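**Student:** Residue numbers (full-length UniProt numbering), protein chains in the order written: chain A, 1 to 158; chain B, 1 to 158.
These are calculated hints, taken from the structure and not from any lab test.
As the structure is a prediction and not an experimental result, all values here were calculated from the model.
It is possible that some hints are incorrect.
For chains that are exact copies, the list does not tell them apart, and a pair is met inside one copy or across any two.
What the hints assert, rightly or not - Once the Cα atoms are required to be at most 20 Å apart in a straight line, the calculated EDC-like pairs of lysine to aspartate or glutamate come out as:
#1 K153 with E4
#2 K34 with D77
#3 K153 with D14
#4 K8 with E86
#5 K46 with D77
#6 K34 with D71
2 protein chains.
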Amino acid sequence: MAIEIERKFLVTGDGWRGQGTTTRFRQGFLSTDKDRVVRVRIAGEKGTLAIKGRNRGAARPEFEYEIPLSDAQSLLDTLCMPPILEKNRTVIPQGEVFWEVDEFFGDNQGLIVAEVELPHEDHPVDLPDWVGQEVTHDRRYANSNLVNYPYSKWNQSE
Amino acid sequence: MAIEIERKFLVTGDGWRGQGTTTRFRQGFLSTDKDRVVRVRIAGEKGTLAIKGRNRGAARPEFEYEIPLSDAQSLLDTLCMPPILEKNRTVIPQGEVFWEVDEFFGDNQGLIVAEVELPHEDHPVDLPDWVGQEVTHDRRYANSNLVNYPYSKWNQSE
């Protein structure tokens with residue numbers, strides 16, 4: 001088990017484009033219960049199964065296992081709750097940390113968020129000029145929530 | 001992915017005791033949704049994560065992965081829905097098939113079921129004289145159901 005410490009921000013500029021390395025992600029969920037999220041992901045050609053517990057501050061217990069690509073495809077196509085999330089993840093190094101910019105497609109088109117994984121909760125972060133409001137604690141932006149309440153529907157209920 | 005074909009019976013006699021090989025199981029669930037059950041199990045010293053889809057007749061899609069024992073312990077102790085199931089599984093060979101006798105403890109004390117895994121749905125089975133009623137299609141006996149509705153509570157609601 002790893003303890004994952006992440007902060008999440010909305011992306012407000014285009015300064016990140018053309019930087020880093022971009023990979024296509026498809027992911028779905030077997031459980032969106034926030035005490036025990038179970039995620040299936042294909043990142044490029046790699047399949048993984050991840051289990052995440054409830055957030056405690058910015059920290060979160062996480063277990064992740066590589067699984068055969070064909071299993072990940074079957075799980076996404078037949079067992080995960082629809083719809084399957086599609087996004088491009090761009091990983092951009094900044095000093096000793098990495099920014100991950102997620103640009104969503106499909107029902108979440110228009111949403112772009114950036115996450116930075118930190119060695120401990122109080123680690124200082126230099127914010128790039130293309131990030132805006134912090135949304136670390138806003139459950140709406142959790143990927144497991146974007147399945148049931150996609151970004152395209154948010155304005156309708158506000 | 002494997003397709004699992006199993007038939008399940010109540011155990012009515014003691015003729016199985018002293019046969020085969022017995023292993024202690026601890027298992028819990030990250031999802032009990034019958035379309036996407038996610039099970040964590042420790043069998044002896046081996047940890048596994050399994051994902052099962054909905055039954056179609058006696059057949060059921062199943063994905064199973066070995067995980068580190070320490071991960072399985074953490075998942076059972078911190079992330080699975082309580083309570084954790086405890087049972088002894090005794091595997092008894094019979095010709096080309098294997099009977100698995102599960103004797104439950106804790107809140108499911110008194111329940112003993114036997115499962116036989118078959119190469120195809122219509123494969124003939126010789127029933128040992130210690131099995132009784134078939135419960136293959138009775139959801140109450142699903143292990144994922146025994147977490148929320150343990151055997152000790154059944155009489156109270158009938």
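**Student:** Confirm or reject each hint.
**Tutor:** Taking the hints in turn, this is what the structure says about them:
1. K153 with E4: Neither: 29 Å inside a copy, 39 Å across copies.
2. K34 with D77: Between copies only: 17 Å across, 23 Å inside.
3. K153 with D14: For K153 and D14, the Cα distance exceeds 20 Å both inside one copy (24 Å) and across copies (59 Å).
4. K8 with E86: Classified as within: same-chain Cα gap 18 Å, cross-chain 40 Å, threshold 20 Å.
5. K46 with D77: within (16 Å within a copy, 29 Å between copies)
6. K34 with D71: Intra 24 Å, inter 19 Å, cutoff 20 Å: inter-copy only.
The earlier numbered hints that this structure contradicts are 1, 3.
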